[in-house]
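Colleague: Here are the chains, one letter per residue:
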Amino acid sequence: MSMADFLVLWGVSWAAILAYRVLPAMLLRGRELPARVSEALALIPPAAFAALVANDLFAPGMLDAGLWPAALPLVVSAAVVAVCLKTRSMLWCCVAGVACYVLLALATGAPL
Amino acid sequence: MMRVVREVARVGWPVAVSYVVVGLACGVLEAQCGLTPAMAFVLGATFLSGSGQFMMSNLWLAGVPMASVLASVAAISSRFALYSASLAPQLSKLGRREGLAVAATFTEEAYGINLDRLVAGQGWGGAHALALNVGLLLVWALSCAAGAAAGAALGIPVAVASFAMTSLFICLALTQPRGRGTACAVAGGVAGVVLCKLAGLAGVAVPLGVLAGVAAGLAGGRRRP
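If you read the protein sequences in the order shown, they are chains A and B.
In case it helps, my numbering puts the first sequence at residues 19 to 130.
In case it helps, my numbering puts the second sequence at residues 33 to 257.
In isolation and in its complexed conformation, chain B is listed as follows:
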């Protein structure tokens, strides 16, 4: 058990540090919407998506009707279905309950780490995946709660805190297995998002960008006869 915790901590602590910074900023924003620290903790521990939580708060503060907030958050969260589908082959190797628990608790960063390590094997199993998910879940939720408790006194520039996440995503994108298909998927993902945003479809830009990237990767990775 301790060996699992040590291995997970060694791999996950850079992500945890970024979660503290971004979670604090997220909690501050949630406090402006009227969330108490307990509400911020519950939301962070269950919803587990910074982009969705930031969107909820921003839309609420802008006076957007509840139904529109829910629709926007549901749309931007749909990318998790694609992550889940790509995790399925690895989760099939775990017990049913363990696989369900891992599926229910992953964040984007944990998804990237777990997928890489489950594919590589080398001793990373269901216990490691679940421990990473739960550890990051607690760090995120506690940081959101702390931010909600501290309120505007923290003065964290959101753009700076958010760039920590952007840097993580750049690293996760560049450390994928290399090949023509991957390169085309990356290009397609970027192009899909840019085109969606230019077309006024910012709410669904990421899931549509992912689909465009997968299509580009399949087309570009195909061997010519």
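Isolated chain A (complex conformation):
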């Protein structure tokens, strides 16, 4: 990648994500929002995190490599859910997720 390509890629991407980050917060600042709008805004975090998890775990061609490579992340996610319900700790969830993923992949010969 040339410096010119990098500057275009970086400049345009940063401008876009900066606008996404800043404009809604600044435009909505200090405004008295209707109750229903406030309720909708409060639902964004659970919807967003669920969408991000689903985005990581599901893909249309996920079964092409076999049932177990596709199921491995889902099985590990179930373990992470159990750890989360028990500990409510980001650290333990992260450790459990990575450890289970590596151990199950090595034990079953699934690709890392």
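Don't take each hint at face value.
Label-pair restraints from in silico Cβ distances [claimed, not checked]:
#: 1; chain 1: A; residue 1: Ala53; chain 2: B; residue 2: Asp148; range: 16 to 24 Å
#: 2; chain 1: B; residue 1: Val236; chain 2: A; residue 2: Gly29; range: 45 to 53 Å
#: 3; chain 1: A; residue 1: Val26; chain 2: B; residue 2: Arg38; range: 40 to 48 Å
Chain A stretches covered by chain B per the calculated footprint, using a threshold of three residues with CB under 8 Å from any CB of chain B [said to hold, decoys possible]:
#: 4; segment: 22–36
#: 5; segment: 50–59
#: 6; segment: 65–73
#: 7; segment: 79–89
These aren't lab readings, by the way, just hints derived from the structure by calculation.
The beta-carbon is built from N, C-alpha and C at its ideal position, and this holds for glycine as well.
Please arrange chain B on chain A, whose structure you already have, making use of the hints.
Modeller: Frame of chain A, contents of chain B only:
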């Protein structure tokens, strides 16, 4: 000041550890595209989104034209507008410049932590939010730069490193306030993403999934007459 740093470090260090692992992998991929460590640092410190940076690198390596790369990255980054909107009520309580600085520098994980703690109060203010954002920004950017410097010598399996982020998101999703509306929002978010991906709309699956989740949460949380 030191008290703020200690409190932020206590809360943010699990995220920082995951950023080191994923950032290194991201930097390795960026080096394959021809980015120097300095470029990787600048990109990481300003763009601040692992999914977008991974997408940029993957699309570039696949030979996708610049305009398509930019459009895809812009689409996948649009979810930050929804996060910003949901942060607005809390940022309104901060000074204008402080609120602007917090808005300009949050990552997804910092958004989840800051939103929870700003809503709960208990001494978490603008200084804490900004310190968390800046601390994680530096960890992420330095990790990307280190990965770009080390290159393929690190041999980090990207799937394993990425699963650290997935685990964090599972925790953030499950530690939201419970209720029927939240449960419907979670189900709607998952369903929205799955349907979008099946329809070939992977680039906008997350923002559309979020909108579907919010709609489901509003509908499901409504009390029956």
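Colleague: Against this structure, judge whether each hint is valid.
Modeller: Results of checking the hints against the structure:
1. Between alanine 53(A) and aspartate 148(B) the beta carbons are some 21 Å apart, a value that agrees with the proposed interval 16 to 24 Å.
2. Range check, valine 236(B) to glycine 29(A): about 22 Å between beta-carbon atoms, so the 45 to 53 Å window is missed.
3. The beta-carbon spacing between valine 26(A) and arginine 38(B), approximately 42 Å, falls within the hinted interval of 40 to 48 Å.
4. Only when three residues or more bring their CB closer than 8 Å to a CB of chain B does the claim for the segment 22–36 of chain A stand; here the count is 11, and the claim holds.
5. Given a C-beta distance limit of less than 8 Å, the hint that chain B covers the segment 50–59 of chain A holds, as 6 residues qualify and 3 suffice.
6. Residues of the segment 65–73 of chain A lying with their CB closer than 8 Å to a CB of chain B number 9, which satisfies the three-residue condition for coverage.
7. Judged by the Cβ-Cβ criterion of 8 Å, the segment 79–89 of chain A is not covered by chain B as claimed, because only 0 of its residues qualify and three are needed.
Checked against the numbered hints given earlier, this structure breaks hints 2, 7; the rest are met.
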